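Chemist: Here's the letter readout for the chains.
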Amino acid sequence: MFVATALVAARFLPVWLATGALVVIAAFAAPAALQSTSWSYVLPLATVLAIAALGQMLVVMHAGIDLSTPGVIAFGGNLVAGVGAGSDHKLPVAILACLGVGMLVGLVNGVLVGLLRLNPLLVTLAVGQIVLAWSSKYSRDVVTNQPNVPSGLSSWATSKPLGISSVFWTGAALTLAVALILRYTTAGRRFQAVGANPRAAWMAGLHVRTHVVLAYTAAGTLYAVAAVLLAGVSIGIDPAFGSSYLLAPIAAVVIAGASLSGGLASATSTWIAALALTLLTQMLVIMGLSTAMQYIVFGAAIIAGMVVSGDRVAAVLGRGLRPGRPHRGSPDAVG
Amino acid sequence: MNLTMVEERSITQQRKEEQMRRNRRFLTVMTVVSAAAIGLIAAASGTASSKHSTVSGPSGFVGKGGTTIGSGGGFGESYTAPSTTLDHTLFHARLLPTNKTARNITLAALGRSTKTVNYTLALKCWKNNGCSTGTGGKLTVAYVEGFGENTFRQMSKMEFILQALTYPKIGKIIYRSAHSDLNQAIADFKSMIAQHVSAIVTYPDFGDAMIPVFQQATKAGIPVSTYAWGYVSGPGQNYTTVVGEDTCKLGKTFAYVMNTQVKSGNIAFLGGFPGNPLSLGWQKCEQAALKSSIKVVANEPTNWDPSKVQGIVSGILAKTPNLAGVSYEDALFMSQGGYAAYKAAGIPYQGVFTYRTDESGMGCLADKLKDPKLKVFYYTAGNSQIREALTADMMKLAGAKIPPTIVLPIQLQNQSRRSMCTKGYPDTASPTSLIPLSLLHQMYP
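Line by line, the protein sequences give chains A and B.
Numbering follows this note's numbering, in which position 201 of the first sequence is assigned residue number 204; successive positions increment by one, without gaps.
Numbering follows this note's numbering, in which position 200 of the second sequence is assigned residue number 201; successive positions increment by one, without gaps.
Pulled out of the complex, with its shape left as it was, chain B reads as follows (with noise of 0.2 Å):
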């Protein structure tokens, strides 16, 4: 009994003993083959270089030539701006707010584009989620928002970063993201204001949510702004101002665009997160100023996502294959999976399209099918409105009287007569933005 216990207990043994010389053997190729895969993945991923130039230029777009817009000025601000900075950012220099000090409040933000800043200061800032500006300012401003990883959020993180250099009163920048955590998002307002910091800019990315910490800021004498109509309730008394259009104008303005260029037939809306109200707004002045002979077939939120935008669009097509037009918020998604879709489907890429944004990438995927029953019309995705609201915190701390909201005029361009597709700008980019070229071009190299 004893004596088969012993062997049985050597052959454990020898086996252990066997398994382990090849798990030995087994490690060392394993080893072998990650450190060429490591290898190959370094290789094939190498990715620009990242030689920087030290040099300094105007904080925003000032083009050659035009007119001062503007006169006046208060509260540490001039109430002018170069009308080719108006027409770069606006389409127009005659699209300011009507509210007259929204107006002047617009004007100062964008005329601070002819300030110098130093650029590597800015980039800096921009990688590193914040910076000491260097001038020794007291105030600390913040850009806190729910989301901030794609294109558009990080855009707007530079031209908030690039209006602050503008003001020697600034010490220091800040930024958080939550990405997409409400808990994160209110936990990172909380801090904010705990850190006693002078200013707020938002993209409130979860609307009536954050209405409590809005409160707590304002009561602590803290200016709250958010741009870009991520709308929360109560501007003017939870918090400073909204920056944003009016989105009930946006949906009659592309219903003026579906009557006019569709005529009669089926199209369809697409939204963003299920009930948010940049969506809402829009769609339901829109189906309301649609002629009776225009039918929306489908009304689908897609949560901003292209892959989900894909899928959206192939279940409509194989409804309703003669859609004869689409209007949606984004413009690139539409870029990316709305034409996957269309490819995918066999079906032509045509049909009339309204966006909210201007992405260059649909531009250029417009200017390269070359197709005349491609009809697109866009308005802005307006990265500089976060320009606006950082303004109107600053002349809020130096004691002026903010309007609850500050309201952009629409008017929609056409692609076929004023393309999005800008030359040196990446697809995901709003050619609208204010940013420098030469800086944009060092954030994504």
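This is chain A alone, in the form it adopts within the complex (with noise of 0.2 Å):
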């Protein structure tokens, strides 16, 4: 029991040492970064991206990568602004439209991946891309007159309900709601175990193909999601809207602990692991770093995190507190 609490705390304990140690950095180093005027952007952005980072992060957890994002964030944002129209009348209608496509999107995914048992990494690809072509057309067709989305949407967005962003609040929410669901519903519990071991969880009767289509269909609506938020944010949609939401989600979850050869993986430390790397960019600009060292000083971020991501040091303190394992030099050891 206490192994395997030990090892659940090392998987995603480093991410939030790992911010706490960013946070103290940027006091020093960039405290503009820190006063509310940084926080009034980073904590909407940081919500989009980990909303994103969810969706990416069930799909994770069967072992899946899913690189439509970018696809369906662009489409559901141009949806936004084109069905919206510029009024608040026909926002509901168009955040639906944008919902719509993001599970449609997720559902074909999961249905190639989880059914068909197509590769996961080409097959989201190759889906994306004929999303982002979709979205292409639509945006010059409809959203080009009118780019902005409506009002009622942008307004919402910059409002602040005590003091902090509503955005942040909506994605809080989420994110709670998928960490409870996932922690204490017999359908969350369900979902993590044919993660965690698929063979077992078909040989205990639980449909394992069926729950891959859910994570695939869940994640597109949760890319979806996060373009109405985005689109919130960003007031009006251009043609690259979205784009920088390929890798960054996966990111997210890869620092956060999760492995990407499928298992447990936690959406508060998802959270989390969006917000730090939201800030990190953030402090880059702020601290005047010239383009080439803001990219430099980003990429060996990322190295550095997955290199101390929960994935690994979980993996390394389980050799080590697995009672009963041979050592390697003990007389027990074999090769």
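Since the hints were derived computationally from the structure, they do not count as laboratory data.
Note that this is a predicted model, so its numbers are computed, not measured.
Among the clues, some could well be false.
As the list claims (entries may be wrong) - Each computed PhoX-like pair below joins lysine-lysine, with the alpha-carbon atoms no more than 25 Å apart:
#1 A:K93 with B:K344
#2 B:K285 with B:K376
#3 B:K125 with A:K140
Claimed, not checked - To list a few chain A residues with every Cβ distance to chain B over 12 Å, as calculated:
#4 V45
#5 A176
#6 A180
#7 L183
#8 T188
#9 L250
To be verified - Sample of chain A residues at the chain B side, in silico, Cβ under 10 Å:
#10 S39
#11 S41
#12 S43
#13 S142
#14 T173
#15 T189
#16 Q285
#17 V310
Where a beta carbon is used, it is the ideal one built from N, C-alpha and C, also for glycine.
With the hints as a guide, bring the two chains together.
Modeler: Take a look at the structure:
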């Protein structure tokens, strides 16, 4: 029991420590990054990344990967502007259309990966490209005329209940909901069990393929939610909308301690990793580093984050703590 | 032992059958859900009608009244243009190149706005990325670019088509976009050379990386002209000519505005892709011409990406909340990402902003805000410069000696006196474009 608790803690603790360290560094190197003006940008953008990363996390828990994220966010954002047509009355339909696209793309990914057993890397990339092309055409035909989202959405995105962005509260509630569902509901437990060991889950009577399809469908829906929030934060939609969400959500999930080979993951740790990545970006801009140096520092930080990621720490710790396993060099060791 | 194995197989078989039944039920539910989603999206994203009227009209904006500027002609061109057309696209008829040949090329190109073209054919050509003009002309002209997926480029494509349709000698129009892929851009260019096209116009997104293919085309006798100052080294040698403004003069003009409007304070420079010659050109000259009382607190590349603009501006505002001004190329992106950053930070969208482009959306935002402390000065996106590039190529084919640069003078416009916000134009469109409004509405219904 102690070993299991220690392993789980070791998996998710590093990202919290790293984020704390980043805040301390920012306090000295770029104090402006921690001021309210900066947080008013960092928190909404970190929330958008966190929600996209939550979607990615659900897929990664089942040893999959989803590269259709930019496509869904791009098309979703364009639908919010295009269907919304600058009118608050059309906003609900626009949001529904956006969520519909996300769900549909996720379902297609899920069926192709879960039922037809196609390689998730290539399939989701291909589906994402198709969605991007569709988005590009829709953008050119419809959104060019009126690229701004309905003012109701942008006003809501900039409102600050209790002094903090509405986008943040929405993201925090969603993250909490995902965390609670995964941890305390039967469906969530089954979802985790299938990800941790699909064969054992199948033997226990769980529907493995169904869960994989559900994971991709839920991920697509979460990307669409991220698209709605990003559209509100950005006010206007442009052809490059969502393009920066290809690798960042995956980086957030891995830094948060999830293993790309599937298994456990933490929604709250994923949120913290997204916050750390966004804060780091903001910090580098405020420090006034040259573009080349910003890329170098950001890349090095991601590599460092992966080196000390919870998945690796848990693996190392697991080898040390697991009882009864012969150590290399001991008389019982083999090979 | 055997009995146990048989029982296990039987149990496994039962499980599989049960799972298949559940899968079937699941697929049925999912099919219904996806059909509903498709229906919802289709209903929600129902776009404007595709009805097009078959009409013809002038190839460019020709206003009422005015006079004719210029005289004479040669190489199949008339060196005259309506003053209304020049006023519309250059802000003033006197803002013509100082070099005589360059001035003649400009007048010839913009004067072709009066020639009648078939709008239905132009629209078809625009949508299909090329067409046969139906004139039986033997020339083929190509617009090949590294990136073509924004409104500015799409409008430039239409300007190119409209200009090409004024030449009966041109029988075929080709368009290619490399979607930001350098290798694809080079392959597209080589393909044009292999097809023996008559002339090429390009926006050289990849700078000097395109020199080898430019040289190949020139060696093959194909004139190559660039527009909007996407500068490639060696115009006149490696390729025919470049049409654009003097970027250093643009920077000096920005500095003049900052010196007179800001007087003292902190300002920021935003640029496009890191190291691109357009941004470097004006930034170097603006910095040198600024008063010592004005400090440039940030100089950041944005990759011309509004989302990145939001992040960059947010970072600058966090460090310098009392930012007095911003110089940047793209007016639209500052009305989207830049405005979003100010709004998120809770800082009034005020200050002196100097832009190279004139998208209608920025003007409409400024008009809506009606804040006297928001001072916007702008130049032009320069869509019509592509017309000059094509006419320069056509004159080259007719035997004219083309100057290596066709430099347009700069005069910044004050938003409060001449608003960018133009009725009938999409937010993302530049109102100094010469595309007839009725055609623009068919492009973006």
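Chemist: So, against the hints stated earlier in the document, which numbers end up violated here?
Modeler: Of the numbered hints given earlier, those the structure breaks are 4, 14, 15 and 17, listed in rising order.
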